[in-house]
Structures are given as C-alpha cells and as structure tokens.
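**Student:** Residue numbers (my numbering), protein chains in the order written: chain A, 1 to 330; chain B, 1 to 330.
None of these hints come from the bench; they were simulated from the model. Among the clues, some could well be false.
Since the list gives no way to pick one copy over another, a pair counts as held whenever it fits inside one copy or between any two copies.
Simulated pairs of lysine-lysine, DSS-like, Cα-Cα distance not exceeding 27 Å [as the list claims (entries may be wrong)]:
| id | residue 1 | residue 2 |
| --- | --- | --- |
| 1 | Lys127 | Lys87 |
| 2 | Lys297 | Lys36 |
| 3 | Lys297 | Lys308 |
| 4 | Lys161 | Lys251 |
| 5 | Lys247 | Lys44 |
| 6 | Lys25 | Lys131 |
Keep in mind it's a predicted model, so treat the numbers as computed, not measured.
2 protein chains.
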Amino acid sequence: MIIDVHNHIVPEQFPSSAGRAAGKKWPYMEHIEPGKANVMIEGKNFRTVQSGCWAVPRRVAELGNQAVDRQALSPMPQLCDYSLDLKDGSDLAMFLNETILRMIEAAPDRFYGLGSVPLQDVDAAAKMLSKVKSMGLHGVEIVSNIEGVSPGDPRFIPFFKEAASLGLAVFIHAQHPTYMDRLVGHPMLENSIGFPIESALAAASMITGGVIDHAPGLRVLFSHGGGNFLLLLPRLNNAYSGQGPLKGTVKRAPMEYAREFFYDDVLFDNRAVRFLIDMVGVSQVMIGSDYPFMTRKQTADQEFTELKLTAEERELVGSKNALRFLGIGD
Amino acid sequence: MIIDVHNHIVPEQFPSSAGRAAGKKWPYMEHIEPGKANVMIEGKNFRTVQSGCWAVPRRVAELGNQAVDRQALSPMPQLCDYSLDLKDGSDLAMFLNETILRMIEAAPDRFYGLGSVPLQDVDAAAKMLSKVKSMGLHGVEIVSNIEGVSPGDPRFIPFFKEAASLGLAVFIHAQHPTYMDRLVGHPMLENSIGFPIESALAAASMITGGVIDHAPGLRVLFSHGGGNFLLLLPRLNNAYSGQGPLKGTVKRAPMEYAREFFYDDVLFDNRAVRFLIDMVGVSQVMIGSDYPFMTRKQTADQEFTELKLTAEERELVGSKNALRFLGIGD
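Isolated chain A (complex conformation) (with noise of 0.2 Å):
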C-alpha cells in the first residue's frame, strides 16, 4: 500500500465573502472552463486548478494513475491564511476541515485528513484542534512562517502541545519566504529557492525553539523532504557539542530531534532521497506528490527499486511510516 501524505484540496466554492473583515483577502473561486478554475485572492488569480483538487472521483481515478493507494489530504497552503482577522482565519479554517471532511465521506478508504487551524492566534488554534480531533481528522498543516516568525518561536508552544496531547499530527509546509530581496531572476523563483530554506528554517526552529522538549511525543512532517534542513542539520548538531550556543537551551542533539521529524521524499531527486534517509533513517520519510499541483515522475515501486530499499524499508516508507505519522493503527 502506498500512502501519499503530501497533496493538497482546494473547495470548490468558498462562502461569500459579504460582510467579512477580509474583503478582497477571501478567497474565492473563478470557473473558468469545467474541470478548471482559478483561485482568486486580492483580486488576482493566485494559481489555476483543476478538478482533481475538488472532485472526488477525478481524484481517486489520479491516485490509480499515480500508483498511489490513499492520500492524507490537506490544504493549499496558500488557504492558511494568518494574516485574517480571528474570525474570518476561524471560518475558513473550519470551512477547509469541512470541505476536507465530506472528501473523506466520498472515499473513506482513500482519505485521511490534515485539516487547518487559525495560528494567527494560538489558543483558538489549540482550542480548534479538539474540533478537528472531533471530526475524525488527523491532524493539521500549519505554513512554515506566521506572519514572518517561526513556528518554533516559543509563543507557538501551547499549540504544539495541544497537538502533541491529542495525538493530532502537524504538517509543516513551506509559504511565503522572508528574504525574498535576497532572490535574483524571476519571482516564480520563490518556489525553487525560497522554499526549500523555509522548510529548513522551520524545522531548525522546532530545534531550538525548544518546542519538542515541550511538547514530547509530537509528530511533525517537513514538505519537500526537509527542504535543504538536512544540510545543514550537521552543523546546527556541532552547536550542541562543547560550548556551543545549544548546549543548555535544548535537552537533546539536533540529530535526536530530526530523526524522530518526519519528510516526505518530493525532493526531485533519488541522490537527495538517498541521503535524507541516510541522515534520519527509512522510519522517517514517506510518500508524497504535491498533487495536483505536481504529479510524481516516478512511482513510489520505481523510487525504491533505484533507492535499492528492501522489502521491509518499502512498507515503512510506503505505507507503515505514514500511518505511524497519523496516528493510525499500533
């Protein structure tokens, strides 16, 4: 069985935005063909989607076309929005749990769900973790920066423990570089340069923030295989030895930390999937697409025949390693 625990949903409508604080930072959707629309945010089309982002059977018959057995869905990133007031962050992170909810309903043996929560404001984001328990979700996606901080900043603590109490997963995803002025060429690059440092960011932050000494036991996945977190994972773990800046401030190795992190293998590249496992170990990584944004060039059976993973190592990352992740079975 292969799970793939990094795809994203779009709604196929959003409530109105009438009389909402928002205004122009709703979202909303622009049906421009069937199977296509754009998602319209301040007026401009954010990206254009197809149906597979909605539409359960178009999904399910593309999980077949991917090789892949089951999703846990969550989120467009972009729809964590953090910078709406509290109750429009509220109303669309309920709306996107909702929406994800029903997907579940139409295909319970394809989906799991990561729904969202308004981070703009941490207690109503723990307080709504206990909705999304309810509802039967597994956990949440939170973006890598909120508003510009980390989400390993100690103010964010009370909400990873939350999560880490009721069992619920975190998947962080990369959003909105900072240091965009350091970028040179074309804005699209954000993507490519911008997000694979957030990620890396991120989860260097959950480090040294101290937040998983706080919040033992919290299981939390890093998109794109960590972004470049890995690279420099060795250095920060350096920092943790003789005198250095970590040693006090957290109570374990970096190395301790990232290897109970989990990452999902869209790295473009087995050489870099490779290594990751190398560096965390095969009971961390895990299948992902960034459907149906990207689709998988390879299948998850062509990655770890080149990967040369045994029988055992395949389940874990295929399937064992993402139910671990969501809390699902032993």
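Starting from the known structure of chain A, fit chain B onto it as the hints suggest.
**Tutor:** Below, chain B without anything else, positioned relative to chain A:
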C-alpha cells in the same frame, strides 16, 4: 599533497583609525596575552583569536598537526567590510592583501593567497583585481551578501567578468545572514543556521542572476560545501524544465553551473560530503578547515578512507582540484 582552501588570517595589527571616516568601525587588535588577541570592531570584541592568524611559524607548525601541506590564505570574512566608505574599504582590502602577501613571502612553499576587494564599489573592486593579480595572489574572497544584496545580482557582473578575464579565483564565504528574525534561540545560531543558508542563497543567485553566462570560465568556491545549496539544487534545476521560470533567463540547466562551482568539504558530516560529491562530481570538492577558528576533526586521509575514494579521487580532492581552482599548473 593536501591543500586547504578554506582557512583565514587576521593581521597582528591594523593601521591606525586616526582620521578615518570609519571611526569605531575600523578594526583594531587588542593583544591580551602572548599568542592571543581580541579582534575589536565597533568597540566590541568580535572574536578572540590565536596568533596562528598572523604568525607564520605557528601556522606552519599547526599545518603539520592537521596533516595539511599548503593553505590558500583568505581574510577572516568579517574583515571584508562593505559597509565602510570607499577610501576606508579600499585601504582595508589592500592592507589585507599586503598582509597575506607578507605571510606567503615568509613561507612561499606553504601558502597561496586569496585577497580582498572593496565590493561596496563594483568598479573599484574590479580595478583592484589587477593589483591583486600583480601581487601574485590567486584570487579574492568576498562574502555571501554585499550589504544585503546577493552576489548574483546583475550589478556585480562587471566585477566577476574582470575576475574571469584575469583568471582570478573567487571564494564566496557565508556571512551576515539577513533573516536573523527567523532564527529562534541563541544569537550564535547565526553560524549554524544562518551561514549554510547564506551559501545556498549566494550560489543560487550566481546561477539565476546569469553571472556565469556573462563571466564564462569564472572559478568560484562556496564555503562549507555550499552550505545547504545542494539540497535546493534539484528543485532549482526543475525550474529550468518545461515552462519553468529559469527557461529563457539562463543559458543552461542549474545543475550544469553547480557542477562547475567548487566547494570545500567543511560540512561536519561525511555523509554530507558523500552527497556533495555525488551531486557535483569529485572534481569540484576540496579540503577546508576554517583554521584557526576551527580545526579539522579528521585528517583528509581519514576522510578519504571513510568516503572510499580511489587513489585518483584522493589526489583530486586533496590537491589537484585546489590547484585548478587557484589557476595553478596546467
């Protein structure tokens, strides 16, 4: 033969700051005990350093301890200070160049030199390269951002063109992360988290800004194995395919440029060095140490053995790549 391309010098004394616009920003040395001094910048101790920074006999002795035969000397990166005005910046760069030259003259069979230029003024920096060349240095060090601007920004192309045309090497060293607000915890994490990302941003910018297209043949070294550049490279490479944002803006796939850049092995984990070699080829990786601020935990030989390098590969990583980077020999 083992050549260490990543190590630094600090002068025993700086010229007086009297009459300089720099005022307190002009560095001075506070010798606190025999063989030890504080490098004072803006009235604060930037770093306590040992006399291997300037004293050739000690440095040569410590080369032996590390089983290194030769070093390409470069300034402590903090001293490449582009915030100074042009007069002070030029004077400081030339003083560093002369300091390096004197150290080379004291042990010509031990040292090569990578000097400094006042990159706060692109034309002045380009002009100083002729002087650097006539002094017999083999290149210069610059830092990973010039007052917040990545080195791949088109404004720096005239400088890189001149370096390429003179056959001078350029060592781009991580420094001054511009996203310190994204780090959580101890300020000294700047080095472990900020620096690898600096190298990644600098290397990416050198590709996406089209620098190498304009300065073909330029030989560039990135510190710390390119930091975490190699893990964003596959995604950057993707941006050149299909309708990607790099199509039409650079001449070749990012992977091709990356395989012409040089990298040291200062990655603090042999798995990371292995990944580096797998990605960019054994012809692009060299020995480094960050001496005297750090010393290698393993000799080059120990590393080569663990990496299972062949005799020919050992020669490349040990010295031949360095000679090629420095523009020495055939």
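**Student:** Confirm or reject each hint.
**Tutor:** Against the structure, the hints come out as follows:
1. Proximity of Lys127 to Lys87 under the C-alpha cut-off of 27 Å is restricted to the intra-copy arrangement: shortest distance 14 Å within a copy versus 59 Å between copies.
2. In this assembly of identical chains, the alpha carbons of Lys297 and Lys36 lie at most 27 Å apart only when taken from the same copy (22 Å versus 57 Å across copies).
3. In the homo-oligomer, the alpha carbons of Lys297 and Lys308 lie at most 27 Å apart inside one protomer (18 Å), although the nearest pairing across protomers, at 32 Å, exceeds that limit.
4. With identical chains, the CA atoms of Lys161 and Lys251 are at most 27 Å apart within one copy only, with a shortest distance of 16 Å there and 49 Å across copies.
5. Taking the shortest Cα distances, Lys247 and Lys44 sit within 27 Å of each other only across copies (24 Å), while inside one copy they are farther apart (47 Å).
6. When the C-alpha separation of Lys25 and Lys131 is checked against a cutoff of 27 Å, the pair qualifies only within one copy, where the shortest distance is 25 Å, while the shortest distance between copies is 56 Å.
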